Amino acid sequence: MQDDQPAAANGMSKSDILQLPLEQRDDIIIYEGVHKWFGTFCVLRDINVRIKRGEVVVVFGPSGSGKSTFLRTINRLEQHQRGRIVVDGIEMTNDIRNLDAIRRETGMVFQQFNLFPHMTALSNITLAPMRVRHMPRREAEEAAMQLLERVGIPEQAAKYPAELSGGQQQRVAIARALAMQPQIMLFDEPTSALDPEMIKEVLDVMRELAATGMTMVCVTHEMGFAREVADRMALFDEGMLLETGTPEQIFNNPQEERTKTFLDQIL
Amino acid sequence: MSTTTAERFGPAPPPPAFTVGWQGWLRMNLFSSWSSGIVTIALGVALFFAALGGVRWLIFTSDWAVITDRVPLYIVGTYPREYYWRPEIALLLVSGLMGMAWRTWGGPARGFAAAFGALVFVVALIPYQMDVLYRALLLAVPAAMAGGYYCAHFIPEQSRTKWFGITGAGVLIASLLVIAGFSLPGIGSPAGLHPVTESEVGGLMLNLLLAAFGIIASLPIGIALALGRRSRLPVLKFACVAFIETIRGVPLITLLFMSRHLLPLTFPENIDVSLLYLSGITITIFSSAYMAENVRGGMAAVSPQQSQAGEALGLKQWQTTLFITLPQGLRNIIPAIVGQFISLFKDTSLVFIIGMLDLVEIGRAGLSGKIEYSDNGMEVYLFLALVFWVFTFSMAYISRRIERTLGVGRR
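These protein sequence lines are chains C and P, in that order. Counted from 1, the first sequence has number 215 at position 215 by this note's numbering; the numbering is strictly sequential. One rule links them: number in this note's numbering = place in the second sequence (from 1) + 267.
Source of the hints: derived by calculation from the structure; they are not laboratory data. The model shown is predicted, which means the values in this text are computed figures rather than measured ones. There's no promise every hint is true.
Dumping the calculated SDA-like pairs for lysine to any residue here, alpha-carbon to alpha-carbon at most 20 Å [to be verified]:
hint: 1; chain 1: P; residue 1: Lys583; chain 2: C; residue 2: Met135
hint: 2; chain 1: C; residue 1: Lys159; chain 2: P; residue 2: Arg598
hint: 3; chain 1: P; residue 1: Lys583; chain 2: C; residue 2: Ala101
hint: 4; chain 1: P; residue 1: Lys504; chain 2: P; residue 2: Thr588
hint: 5; chain 1: C; residue 1: Lys159; chain 2: P; residue 2: Gly516
hint: 6; chain 1: P; residue 1: Lys583; chain 2: C; residue 2: Glu78
hint: 7; chain 1: P; residue 1: Lys429; chain 2: C; residue 2: Met119
hint: 8; chain 1: P; residue 1: Lys583; chain 2: C; residue 2: Leu77
hint: 9; chain 1: P; residue 1: Lys583; chain 2: C; residue 2: Arg104
hint: 10; chain 1: C; residue 1: Lys159; chain 2: P; residue 2: Gln425
hint: 11; chain 1: C; residue 1: Lys159; chain 2: P; residue 2: Ile669
hint: 12; chain 1: P; residue 1: Lys583; chain 2: C; residue 2: Leu99
hint: 13; chain 1: P; residue 1: Lys583; chain 2: C; residue 2: Arg131
hint: 14; chain 1: C; residue 1: Lys200; chain 2: C; residue 2: Asn253
hint: 15; chain 1: P; residue 1: Lys583; chain 2: C; residue 2: Ile90
hint: 16; chain 1: P; residue 1: Lys637; chain 2: P; residue 2: Ser329
hint: 17; chain 1: C; residue 1: Lys159; chain 2: P; residue 2: Phe590
hint: 18; chain 1: P; residue 1: Lys583; chain 2: C; residue 2: Arg76
hint: 19; chain 1: P; residue 1: Lys583; chain 2: C; residue 2: Met119
hint: 20; chain 1: P; residue 1: Lys583; chain 2: C; residue 2: Asn94
hint: 21; chain 1: P; residue 1: Lys583; chain 2: C; residue 2: Ile96
hint: 22; chain 1: P; residue 1: Lys504; chain 2: P; residue 2: Gly516
The following label-pair restraints were derived from C-beta to C-beta distances [what the hints assert, rightly or not]:
hint: 23; chain 1: C; residue 1: Asn252; chain 2: P; residue 2: Thr272; range: 42 to 48 Å
hint: 24; chain 1: P; residue 1: Glu512; chain 2: C; residue 2: Ala101; range: 37 to 43 Å
hint: 25; chain 1: C; residue 1: Asp264; chain 2: P; residue 2: Glu512; range: 54 to 60 Å
hint: 26; chain 1: P; residue 1: Arg515; chain 2: C; residue 2: Gly224; range: 54 to 60 Å
hint: 27; chain 1: C; residue 1: Glu228; chain 2: P; residue 2: Thr272; range: 30 to 36 Å
hint: 28; chain 1: P; residue 1: Glu512; chain 2: C; residue 2: Thr244; range: 51 to 57 Å
hint: 29; chain 1: P; residue 1: His528; chain 2: C; residue 2: Ala101; range: 57 to 63 Å
hint: 30; chain 1: C; residue 1: Gly224; chain 2: P; residue 2: Glu512; range: 54 to 60 Å
hint: 31; chain 1: P; residue 1: Glu512; chain 2: C; residue 2: Glu238; range: 44 to 50 Å
hint: 32; chain 1: P; residue 1: Glu670; chain 2: C; residue 2: Glu228; range: 44 to 50 Å
We treat Cβ as the ideally placed atom computed from N, Cα and C, and that holds for glycine.
Isolated chain P, as found in the complex (with noise of 0.2 Å):
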């Protein structure tokens, strides 16, 4: 028997001691070079600097009252306390729709509802004067994602998915109605619900609204105007570019003003549509523009070779399609999606423009409302990028969570 190369050769050496280790990282990385080591030095009495100045701050000047003394306004804004339970609810229905993303995905959305479902119950025992039913409610939660859990168990794995998405869809809309209520005429309101003016539906639950509409209706049109423009029917393909373009030249708030004061002289007079529904609507139209152009670009990624080897085997143009060109194409732009979903949620925040009071607005509303808060700018601001970050931070988690599970198989 011949012996392989290694074992004629012994083990291959192993590399210079100054490259591994802490000391090797330091090394390459910090102080390659003089003046790179210049550079960190210089770098880091900056940051030294910077941070001693926060934690003085935050020791000695910061007052937070601002913040604490009116939780329920930035959370909610001024809906109703009467009607608390409702958002409440729909609270505990998007629980259960955690709980069954935990059971059919496991992974990136175990971790996202048990981060949230903790974050629920910490806040739903802090000592605040809360009702006892809407602090029991907010207790249920992780209830409610047991719930969630064990109702995905019982489906069989295969079709999970699908009821995942069916449930979410059906949660979207009862969490939209249960909120903003809804009145139908000659009825009135059913079960109770009696609607709540647009102005009352605030806070951060106005920007989580909005941009849980805006997200799952502008993904399925924004590839629908995608695989349009993509078209060879030219009448189609002309209206998809058309409306693509329009949008995407138009400023979102331009769209928002519009919305509010052109949309409704179309509406017949006795309707009257809630600007919550005009403004999700406007939203989900504006990022359905640039959703179809991301779509665009990650099928026209995916080679012409692919298509040709669908249409060999004798599938249709739209099997074809459907199950080779798009799925690749999707999966090319997951970070687009994902930045297209980042930005729309921060949008969210210029509904203030029409009237709205979002939890930028409502921050800024406490800021000039009473005197004694008018010093405090810094503390709102800073909370209020701490609630964004933490939630478009989630989002870019989750991202690249699904772009390392869909990547087995990558070519």
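Excised from the complex, chain C in its bound form (with noise of 0.2 Å):
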């Protein structure tokens, strides 16, 4: 199929392409038919959805909906049981090969953090690049302590996670993400675990990267983020992908009543 072609297929180099308007772009991520199972539960039922390059979207919905699990299928943390996925190109299957090259074009950034607590936060950085891009260890802390610079926090790269706030762990594990160069970044409630006085640092550190043109999918009820920075919206129920609109239409013109509900009940 023409539309599953990386950008490099159809000659045009990643930056030409973010110059495009979003409909013009290329599908990054591919979903048809995407069923998964735990067990006899149904997680994930018939999940259909192109997200194109450099979009940013929000994933929400109840707990339990699957928001979560779709967003592990997206780097195959878990997998799904029927259905075709297409991730820059690469369909996902059952090869080590294929699920390497993945994982190489996705970071993932969790609700606990999850940064390695035997680490400084420049190790934390630098051994995916060093372990698994073969970086020499120089390079590797250079690159670690331009992406400190990024995330704003340089002066902590010594420090081991405990000696950091949580907004500050979270941004390290969003630089130790971005380390490994990935195309797609996924942010699995990347606030919800954060004091309130600290949840804006991190969100202004995912509207910097959102700026940048990485294609961004994020499950998060920070609806205030979804409204500004957010190209699309997606509402899970059930194990179903119930509605997708611009932040525009969700929030004023939702054409399902459980979007209209779920909203009433968060805002």
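Put the complex together from the two separate chains, hints included.
What follows is the structure, given as structure tokens:
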């Protein structure tokens, strides 16, 4: 299929594509009829969605609706059982080389940060570039320092996660994911475990990241962030992708009754 | 500018007087109520009379000749006198290693090395009948430490730990070979290292040799077994489970018996493996089964989200284990590991069952050997207890220091 092809196949560089309006860009994530069960319980039910290169998608919905599982099937932390997933032109199969390639394409940020507590912030960031990309230590550390500056905490490089505030830990986690130079960033409720004072500093980093043209899929209930940054919003309920639309459509003119009631509950 | 809350309301009030200072401590901990006051006084009286009896015995009754007359026996057993320089060479090697540890980590290693060096130095100065050469070798222990210290000094800082490991393994093997000696078929004993029979390697030296060997070998074997048990490959998993549960189901004494009487039947006829090596291997195997379960427990306590984070970064599964879950798992169980080492050290006294003369056996043999010593059991066992306590306490102390050092950045 023509529209499965990554950008390079169409003879355009990534930055050229990002100049195009969203509708004309290539699809970086494609879901066709994706199902997943935990035992006999259907967590994902016939998911069909196409996400454009550079698009920012906010995924929301009640707990247990399958939104986190959806996110985790994008980098195959969870395997789907029916349907088809293509990430940046790589078809999701059981082939381990495909898996490695997709993991290189995607970076993930978790609700509980999941920094490695026995390593300094700097080592947390340099580990994967050194061990997976075989980058020399010096180069990896320079890159890590640049990333720490980008997320605003270069002075915390030598500290251990336990010595950092929640917001700082989450910013290190974002830097750690960015260090692998992913095409897609996945955020799994990145601000849900944070004190109110620290949510803003993490959202600011995500906002800047979105402005650089990064493709982002964020599970979050920060509706202010969604309204301001998202190109599209997607409501999950009982394993189904119930409604997608621009923030404008979702907030002002939702098509589904469920979207309306859910928004009423959280706003 | 608005003032802070503390500026508006002034400093917080001090705690009530009866909760601070030594009076406060006494009141809170010993006399917090009528009943606890009575218990405190009763225990105090009991302790006083026990101490009084102990001091009386120490001053008027005890006779330490049973120890002082035969110090070398307790330290090296019936090791041939003309070869005493060989354990001393091993001691110098180990001292050099301690010096390296001092330079590499400072802190607990420094305290331990200093205490050990001082102890040996004092022992070497005791006016005891000893050859000048042997005394000189003992006095050279601090020099060996300094040598190790400066060797480490000239190694670049980031590779010191690695070189300490390599040197440590070398020192252990060299010590074992130099103490036990060896003979190669057709060549004989190179460098005049005549083999010493297993019953001649004894005393504290035997306990320490077996413990050092067991400790250093059982940790990596235990880790390997634990990883095997967590593996998804059914055959590997089953083999590890079978090994661990079999070994844990059998008393160490039984294993020692088997190593002496059954294992040699499987060797070719002209090969005679010293009991020293057999018992060392047996203790290692025994300890590594327990170590494996400790390690498994420690790794199970690491959140599965940690390995997911590693996977999401594109690390391979073995890399996730090696760099993320294993280090955290091991840090979780430092107290359990050291506890295992301590019990291993004490278990080395069980080798008397296969006819080896460890420290405890030497003490017992001393009591029954001479009629004038037969009443001195108290002195002998107190002495043995003290020696074991000094070593196990040092291990516990170092463990606490390591925990504190690694505790930096704990969740």
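Do the hints match the structure? See the list:
no.	hint	in the structure
1	P/Lys583 to C/Met135	16 Å, holds
2	C/Lys159 to P/Arg598	18 Å, holds
3	P/Lys583 to C/Ala101	12 Å, holds
4	P/Lys504 to P/Thr588	16 Å, holds
5	C/Lys159 to P/Gly516	45 Å, violated
6	P/Lys583 to C/Glu78	16 Å, holds
7	P/Lys429 to C/Met119	19 Å, holds
8	P/Lys583 to C/Leu77	13 Å, holds
9	P/Lys583 to C/Arg104	12 Å, holds
10	C/Lys159 to P/Gln425	19 Å, holds
11	C/Lys159 to P/Ile669	19 Å, holds
12	P/Lys583 to C/Leu99	11 Å, holds
13	P/Lys583 to C/Arg131	9 Å, holds
14	C/Lys200 to C/Asn253	28 Å, violated
15	P/Lys583 to C/Ile90	19 Å, holds
16	P/Lys637 to P/Ser329	17 Å, holds
17	C/Lys159 to P/Phe590	18 Å, holds
18	P/Lys583 to C/Arg76	14 Å, holds
19	P/Lys583 to C/Met119	18 Å, holds
20	P/Lys583 to C/Asn94	15 Å, holds
21	P/Lys583 to C/Ile96	10 Å, holds
22	P/Lys504 to P/Gly516	18 Å, holds
23	C/Asn252 to P/Thr272: 42 to 48 Å	43 Å, holds
24	P/Glu512 to C/Ala101: 37 to 43 Å	41 Å, holds
25	C/Asp264 to P/Glu512: 54 to 60 Å	58 Å, holds
26	P/Arg515 to C/Gly224: 54 to 60 Å	58 Å, holds
27	C/Glu228 to P/Thr272: 30 to 36 Å	34 Å, holds
28	P/Glu512 to C/Thr244: 51 to 57 Å	54 Å, holds
29	P/His528 to C/Ala101: 57 to 63 Å	58 Å, holds
30	C/Gly224 to P/Glu512: 54 to 60 Å	57 Å, holds
31	P/Glu512 to C/Glu238: 44 to 50 Å	45 Å, holds
32	P/Glu670 to C/Glu228: 44 to 50 Å	47 Å, holds
When the structure is compared with the earlier hints, violations turn up for hints 5 and 14 and for no others.
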